[in-house]
Amino acid sequence: MSQVQEFEKALANSETSVAAFDEHGTSLVKRIQHFLHSTPAAVPLIVLVLSIAVFGATIGGRFFSSYTLTLILQQIAIVGILGAAQTLVILTAGIDLSIGVIMVISAVIMGNCAVTYGLPTLLAVVIGLAAGAACGLLNGVLVAYMKLPPFIVTLGTWNIVMATNFIYSANETIRDADVDVQAPLLHLFGLNFKVGTAVLTFGVIAMVVLVLFLWYGGISLFGGRGSILGTLFGAMIVGVVSMGLNMLGADPQWKVLLTGVLIIGAVAIDQWIRKVSV
Numbered sequence: 126m127s128q129v130q131e132f133e134k135a136l137a138n139s140e141t142s143v144a145a146f147d148e149h150g151t152s153l154v155k156r157i158q159h160f161l162h163s164t165p166a167a168v169p170l171i172v173l174v175l176s177i178a179v180f181g182a183t184i185g186g187r188f189f190s191s192y193t194l195t196l197i198l199q200q201i202a203i204v205g206i207l208g209a210a211q212t213l214v215i216l217t218a219g220i221d222l223s224i225g226v227i228m229v230i231s232a233v234i235m236g237n238c239a240v241t242y243g244l245p246t247l248l249a250v251v252i253g254l255a256a257g258a259a260c261g262l263l264n265g266v267l268v269a270y271m272k273l274p275p276f277i278v279t280l281g282t283w284n285i286v287m288a289t290n291f292i293y294s295a296n297e298t299i300r301d302a303d304v305d306v307q308a309p310l311l312h313l314f315g316l317n318f319k320v321g322t323a324v325l326t327f328g329v330i331a332m333v334v335l336v337l338f339l340w341y342g343g344i345s346l347f348g349g350r351g352s353i354l355g356t357l358f359g360a361m362i363v364g365v366v367s368m369g370l371n372m373l374g375a376d377p378q379w380k381v382l383l384t385g386v387l388i389i390g391a392v393a394i395d396q397w398i399r400k401v402s403v
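Residues 126 to 403 (my numbering) are what the sequence shown spells out, left to right.
Some clues are possibly wrong.
To be verified - Label-pair ranges, simulated between beta-carbon atoms:
{"hint": "1", "residue 1": "Ala182", "residue 2": "Ala288", "range": "46 to 52 Å"}
{"hint": "2", "residue 1": "Leu273", "residue 2": "Ile157", "range": "36 to 42 Å"}
{"hint": "3", "residue 1": "Phe276", "residue 2": "Ala393", "range": "46 to 52 Å"}
If you're looking for bench data, these hints aren't it; they were derived computationally from the structure.
All C-beta atoms in this analysis are idealised placements derived from N, C-alpha and C, irrespective of residue type, glycine included.
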C-alpha cells in the first residue's frame with residue numbers, strides 16, 4: 126500500500142466532528158456582567174430611571190413639572206458640557222484636572238473684554254474661547270509630545286491657571302450689570318451670567334461635580350470604556366438626586382453622605398464589571 130493510500134485510509138477513519146464550546150455553562154450573572162461591560166451607558170440609565178421613579182413616587186406631581194425639569198437642566202448644563210470633553214480624555218486613560226479653572230478663566234476673560242474693555246459680545250466670546258483653547262493646547266503638547274503624565278501636567282496647570290485667575294481679576298468679581306444678557310453665547314459660556322458674578326473658586330467645585338458625573342455615568346477611570354451618553358445620564362443622576370433631596374427638605378449633611386455612598390458604589394460596580402475582561 127502506497128503512502129497516499131495509507132493517508133487516505135487514515136483520513137477516512139478519522140473523527141469528523143468539530144470542537145464545540147459549552148454555551149450553557151455561562152451563568153446569568155456573567156451574561157449581565159458582559160452586557161454591562163459592552164454597554165457602558167446601561168448602568169447609569171438604570172440608576173437614572175430608578176432615581177426618577179423613587180423621587181416621583183415620594184414627591185408626586187411636583188417633581189415632574191416643567192419648572193423642576195428646567196432647574197435640573199440649569200444645574201447640570203455648564204458642568205455637563207465639560208463632562209463631554211472630559212469623557213474623551215478619560216477614555217484614553219488620561220485625566221484633566223485643570224478643566225474647571227480653564228473654564229473659569231475663559232469666563233473671566235469674556236466678562237472683562239465685554240465689560241471693562243467694551244468689546245462686542247461675540248468678539249469677547251471668541252477671545253475667551255481662544256484663551257481656554259490655548260490652555261488646553263499647552264496640556265496636549267506636554268502630554269502628547271513631551272510624554273509627561275497627564276495627572277501631573279494638569280495638576281500643575283490647575284495651579285498656574287488658578288493663580289492667573291486671581292492675578293488677572295485683581296481678586297475682584299466681575300459684575301454683569303452692564304452686559305447685554307440677551308447675548309445667547311455669552312449667556313451660555315459666561316459663569317457670570319449664571320450667578321451674577323464670575324466666581325474664581327467655582328473651578329474647584331466644577332471639578333468635583335465633574336468627577337461625579339463621570340463616575341455615575343459609567344466612565345471607567347482606567348480608560349477604554351464609556352460614552353458621552355453615559356456622561357449625560359450621570360449628569361442627570363446628579364441633577365435628579367440633588368433636586369429630589371432639596372424638594373424633600375433633606376439636610377445638606379445627608380447630601381454629602383449620599384454622595385460619598387454613591388461614589389463608592391459607582392467604583393465598586395466599575396470594578397465588578399471590569400472583571401469580565403480578566
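Outcome of the hint check:
1. Ala182 / Ala288: 46 to 52 Å: Holds, at about 48 Å.
2. Leu273 / Ile157: 36 to 42 Å: 40 Å, holds
3. Phe276 / Ala393: 46 to 52 Å: Since the Cβ atoms of Phe276 and Ala393 sit about 22 Å apart, the hinted range of 46 to 52 Å is violated.
Comparing the model with each numbered hint stated earlier shows that hint 3 is the single one that does not hold.
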